[in-house]
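What follows is each chain in one-letter form.
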Amino acid sequence: MQGGPENATTTDAGHASRVVFEVNGTSQTLTLDNRTTVLDALREHLGLIGAKKGCDHGQCGSCTVLLDGRRVKSCLVFAVTVDGRSVVTVEGLAEPGELSPLQAAFIAHDAFQCGYCTPGQLCSARGMLDEVAQGWPSAVTGDLDAPAELTDAEIRERMAGNLCRCAAYPHIVAAVRETAAGGRAAAR
Amino acid sequence: MSDDAAGRAGSDDTVGRAGSGDAVGRAHPRLEGPEKVTGTARYAVEYPVDGVTYGWAVPSAVVRGRITRVDTAAALASPGVLAVLHHGNAPRLAPGPERELWLLQEPAVHYRGQYVAVVVATSLEAAREGARLVRIDYDAGPHSTVLTDDHPGLYKPDHVNPSYPADTAEGDFDAGYAAAPVRVDTTYRTPAYHNNPMEPHATTAHWHDGRLLVHDSTQGTSSVRATLAELFELPPESIRVVAEHVGGGFGSKGYAKAPVVLAALAARHVDRPVRLALTRQQLFGPIGYRTPTIQRVRLAADTDGRLTAICHDAISQTSTIREFAEQTAVYTRSMYAAPHRRTTHRLVRLDVPTPFWMRAPGECPGAYALESAVDELAIAAGIDPVELRVRNDTAVDPDQGRPFTSRNLVGCLREGARRFGWADRNPSPRSRRDGRWLIGTGVAGSSYPARARPSSATATARPDGGFLVRINATDIGTGARTAIWQVAADALGVPPERVEIRIGDSDLPTAPVAGGSMGTASWSWAVVRACQSLREKLRDSPGEVTAEADTTDEVGNQPARPRYAYGAQFVEVRVDVDTGEVRLNRMLGVFAAGRVVNPTTARSQLIGGMTMGLSMALHEEGLLDERYGDWVNHDLATYHITGCADVESVEAYWLDEQDDELNPAGVKGLGEIGIVGTAAAVANAVHHATGVRVRDLPIRLDKLIGVSSLA
Numbered sequence: 001m002q003g004g005p006e007n008a009t010t011t012d013a014g015h016a017s018r019v020v021f022e023v024n025g026t027s028q029t030l031t032l033d034n035r036t037t038v039l040d041a042l043r044e045h046l047g048l049i050g051a052k053k054g055c056d057h058g059q060c061g062s063c064t065v066l067l068d069g070r071r072v073k074s075c076l077v078f079a080v081t082v083d084g085r086s087v088v089t090v091e092g093l094a095e096p097g098e099l100s101p102l103q104a105a106f107i108a109h110d111a112f113q114c115g116y117c118t119p120g121q122l123c124s125a126r127g128m129l130d131e132v133a134q135g136w137p138s139a140v141t142g143d144l145d146a147p148a149e150l151t152d153a154e155i156r157e158r159m160a161g162n163l164c165r166c167a168a169y170p171h172i173v174a175a176v177r178e179t180a181a182g183g184r185a186a187a188r
Numbered sequence: 189m190s191d192d193a194a195g196r197a198g199s200d201d202t203v204g205r206a207g208s209g210d211a212v213g214r215a216h217p218r219l220e221g222p223e224k225v226t227g228t229a230r231y232a233v234e235y236p237v238d239g240v241t242y243g244w245a246v247p248s249a250v251v252r253g254r255i256t257r258v259d260t261a262a263a264l265a266s267p268g269v270l271a272v273l274h275h276g277n278a279p280r281l282a283p284g285p286e287r288e289l290w291l292l293q294e295p296a297v298h299y300r301g302q303y304v305a306v307v308v309a310t311s312l313e314a315a316r317e318g319a320r321l322v323r324i325d326y327d328a329g330p331h332s333t334v335l336t337d338d339h340p341g342l343y344k345p346d347h348v349n350p351s352y353p354a355d356t357a358e359g360d361f362d363a364g365y366a367a368a369p370v371r372v373d374t375t376y377r378t379p380a381y382h383n384n385p386m387e388p389h390a391t392t393a394h395w396h397d398g399r400l401l402v403h404d405s406t407q408g409t410s411s412v413r414a415t416l417a418e419l420f421e422l423p424p425e426s427i428r429v430v431a432e433h434v435g436g437g438f439g440s441k442g443y444a445k446a447p448v449v450l451a452a453l454a455a456r457h458v459d460r461p462v463r464l465a466l467t468r469q470q471l472f473g474p475i476g477y478r479t480p481t482i483q484r485v486r487l488a489a490d491t492d493g494r495l496t497a498i499c500h501d502a503i504s505q506t507s508t509i510r511e512f513a514e515q516t517a518v519y520t521r522s523m524y525a526a527p528h529r530r531t532t533h534r535l536v537r538l539d540v541p542t543p544f545w546m547r548a549p550g551e552c553p554g555a556y557a558l559e560s561a562v563d564e565l566a567i568a569a570g571i572d573p574v575e576l577r578v579r580n581d582t583a584v585d586p587d588q589g590r591p592f593t594s595r596n597l598v599g600c601l602r603e604g605a606r607r608f609g610w611a612d613r614n615p616s617p618r619s620r621r622d623g624r625w626l627i628g629t630g631v632a633g634s635s636y637p638a639r640a641r642p643s644s645a646t647a648t649a650r651p652d653g654g655f656l657v658r659i660n661a662t663d664i665g666t667g668a669r670t671a672i673w674q675v676a677a678d679a680l681g682v683p684p685e686r687v688e689i690r691i692g693d694s695d696l697p698t699a700p701v702a703g704g705s706m707g708t709a710s711w712s713w714a715v716v717r718a719c720q721s722l723r724e725k726l727r728d729s730p731g732e733v734t735a736e737a738d739t740t741d742e743v744g745n746q747p748a749r750p751r752y753a754y755g756a757q758f759v760e761v762r763v764d765v766d767t768g769e770v771r772l773n774r775m776l777g778v779f780a781a782g783r784v785v786n787p788t789t790a791r792s793q794l795i796g797g798m799t800m801g802l803s804m805a806l807h808e809e810g811l812l813d814e815r816y817g818d819w820v821n822h823d824l825a826t827y828h829i830t831g832c833a834d835v836e837s838v839e840a841y842w843l844d845e846q847d848d849e850l851n852p853a854g855v856k857g858l859g860e861i862g863i864v865g866t867a868a869a870v871a872n873a874v875h876h877a878t879g880v881r882v883r884d885l886p887i888r889l890d891k892l893i894g895v896s897s898l899a
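Chains as they are written, first to last, in this note's numbering: chain A, 1 to 188; chain B, 189 to 899.
Derived by calculation from the structure, the hints in this document are not laboratory data. The beta-carbon is built from N, C-alpha and C at its ideal position, and this holds for glycine as well. Fair warning: there could be bad hints in the mix.
Unchecked claim - Label pairs and their computed distance ranges (CB to CB): (1) B:E742 <-> A:H57: 36 to 42 Å; (2) B:S619 <-> A:G25: 58 to 64 Å; (3) A:P101 <-> B:T532: 55 to 61 Å; (4) A:A139 <-> B:R774: 18 to 24 Å; (5) B:E688 <-> A:P101: 25 to 31 Å; (6) A:G69 <-> B:G744: 58 to 64 Å; (7) A:D130 <-> B:R774: 26 to 32 Å.
As the list claims (entries may be wrong) - Counterexamples of contact, computed for chain A against chain B with all Cβ distances above 10 Å: (8) E22; (9) T26; (10) K52; (11) L76; (12) E131.
Unchecked claim - Among chain A residues calculated to face chain B with C-beta under 8 Å, some are: (13) I107; (14) M159; (15) R165.
Could you build all of it, start to finish, from the sequences and the hints given here?
Structural data, given as structure tokens:
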């Protein structure tokens, strides 16, 4: 993780720090225990309960958020390291009361059941689509020099870090595929 | 076959015609979808609570023994720590049948991981640090934690879950087996499986004026309330348990579990609200798991493949503090007919956490063994495995001797074979190869009981023309909320938009747990009766009227008949000829489960069940370290579950099935039938691809490595 700590203000005999970071477009100033993760800062200090704690070890993906536009597992990022940086959670994927095309596609394809992994799936998919747009290859990309094409195999591979015990996987793939196709159509 | 019913989610075929009574059967997105995709759906530890504190459970570090000393000084000196609860200072619980939940009451340790202390602090970080600083000394004794088929402690339980006889016998199995021309005698093993819902078990508890309010991650709050009332010796009316959204359960939240007890104890002790969530690691054991099994199956048939003798001997484990007898061989009692049949169950009490329900308990591991053995029999008899199952179909339950209310196993097999393209199959193993991949296909049958339990509900007509239906159902991701809404609309004869549903709160009319594939059957029964009663009342006196229903008598008086859902899973795998890596090409299931209320959520349930069966077959395995009596791979990096990249194609279809002897909605339940035979279908496909029969799950690549050198 880059940036952050040197700007954060340490207080409380060295156990806590003042952290200023942007969450869903709004600047937030928090004094946090240095051990607090971004996930716990969101959930326990900002009341943003969208990002979920499934394992707290970076193994399930339920806590995925976008940090400066890139998907990260927020349970593995200490809050003091995001001072001056920007976080987007599932609550920030659309304007309040509205749904982004991706969120609408998740509902239409029933791409979730219990819903607990869903915020992480959505943030992961959003970040993943940006990675594809930037031409990043994945482990199943054949031609590293050609533009990344979003086949189902690519979606499955790129979404493999987000576990879903209800196993909505085929519907998640369908929702992401449809959203990506709509995005391309809109761009033309 | 209904292609429409199995149509895609999000089609135009949606609920909403004006009171035309056809809401049931139409695809509709789940009602809480917008909340779930925007992150506003609240789960158990996500409610804003003033003055909230955080609990952190401390597990036992020994398997069996006695706590000799608890040193809390360092923990209490740690900033933010408010209290350390343990057996020496925790509020008292009533000793009773809830032995597993009698936590922090005694120095005895019955299994490793048993919760022996709780640290309460003003922050999560402080609670976790406090838990690290609690020092507990033990006198540890010897332990036995590994299930074997010659364990000296093997015994026959009085019954197996929920209330079946442990053993059954019809005819003369030994003589029938000895006389048959085609025989199979094989032993299958399954490891411990861990439910691992994505939301760990978690609770927020508050006490206020002697009343207890709990937000719990559970499959049924009526049952949790009853258990808390017993443990805390309170009238049930002074306890409220809420579970508006639940992040999965798969059986493991089917009963009150440790967090709700620990949080309530801690909240009472510190006189402040407490949030307590188990860690992922803490889910491996103390909240239950699917017992390992050892199953010997013997099948005998005539040369036409007609079964003459069936025997299924199942061994599983339980703990020293509670008997949990998985009904592993019960599946075999009613699935296929034969004149000579025998089933047995034996248990061992080990120094382990008590096993508990996991999706299709009994049927799932039992079907893996039986449906694998049937495949082996088909090969031995030289008969197609679909055809062999069809030949052994029966309209009469071999166990009860009564006709099934409906049994469409053959329909599922035939329709599945047609859709899958089974007819072209070359039965010889290793007959298909594509480059480095050996390709094979397999099939299995499935069945699961269609039960219902008593429930209550109310229906209210509002002055504005709307209706409110209240029932303490729980939606753990099944789509229960939406299904009940559709059922209620039709029962009221109004457009669904005019109906509001309230569930997930023990203050609502009492209803059974979301489990055993009986939620929708049980809940919709009470909802239909309440709505019918309301319509009658409205004829007499229009206005704001409420009608109540309780189906206890009606359910209890239902004639005893064998009622089952059926299914057939078809699987195609490819196996790397050098590494033994198994990949799923495609998986297809056809089911007969009565009426399907909502095709959208039904499909999700079925493919979810099938995928969990795939996970059971290929990925999941609890690895127990005998020295420590605990599972070493107790996290999601080392306990593997099927991920997105593992599922290339899975399809679920269902037959149109009307069975008027079930319940008013005509449903059989969908939560478990998807998983039942899937692991066997995968194992059968792997055998077809490679010629290697793996009889101990999971089918790891090391069990297949070297398949290239086989003839």
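Assertion that T26 (chain A) lies farther than 10 Å from chain B (Cβ): holds, 15 Å
Go ahead and decide if the range 36 to 42 Å is satisfied by the Cβ distance of E742 (chain B) to H57 (chain A). violated, 49 Å
Verdict for G69 (chain A), G744 (chain B) (Cβ pair) under range 58 to 64 Å: Distance hint for G69 (chain A), G744 (chain B) holds at roughly 60 Å.
Has the hinted range 58 to 64 Å been met by the Cβ atoms of S619 (chain B) and G25 (chain A)? holds, 60 Å
May I ask you to test the interface hint for I107 (chain A) with respect to chain B, counting a Cβ-Cβ separation under 8 Å as satisfied? Check passed: Cβ of I107 (chain A) comes within 4 Å of chain B, closer than 8 Å.
Under the criterion of a CB-CB separation shorter than 8 Å, is R165 (chain A) in contact with chain B as hinted? holds, 5 Å
Minimum Cβ-Cβ distance from E131 (chain A) to chain B exceeds 10 Å: It holds; E131 (chain A) is separated from chain B by about 15 Å at its closest Cβ, greater than 10 Å.
Can you let me know if the beta-carbon spacing of E688 (chain B) and P101 (chain A) is within 25 to 31 Å? Roughly 29 Å apart at Cβ, these two residues keep to the hinted range, so it holds.
D130 (chain A) versus R774 (chain B) beta-carbon gap, inside 26 to 32 Å or not: At 31 Å between Cβs, range holds.
Does L76 (chain A) really sit off the interface, with its C-beta more than 10 Å from all C-beta atoms of chain B? Non-interface label on L76 (chain A) holds, nearest chain B Cβ at 12 Å vs cutoff 10 Å.
Would E22 (chain A) pass as off the interface with chain B, using Cβ distances and a cut of 10 Å? E22 (chain A) is indeed farther than 10 Å from all Cβ atoms of chain B, at 17 Å.
K52 (chain A) remote from chain B - nearest C-beta pair above 10 Å: violated, 7 Å
The structure fails hints 1, 10 (numbered hints given earlier, in ascending order).
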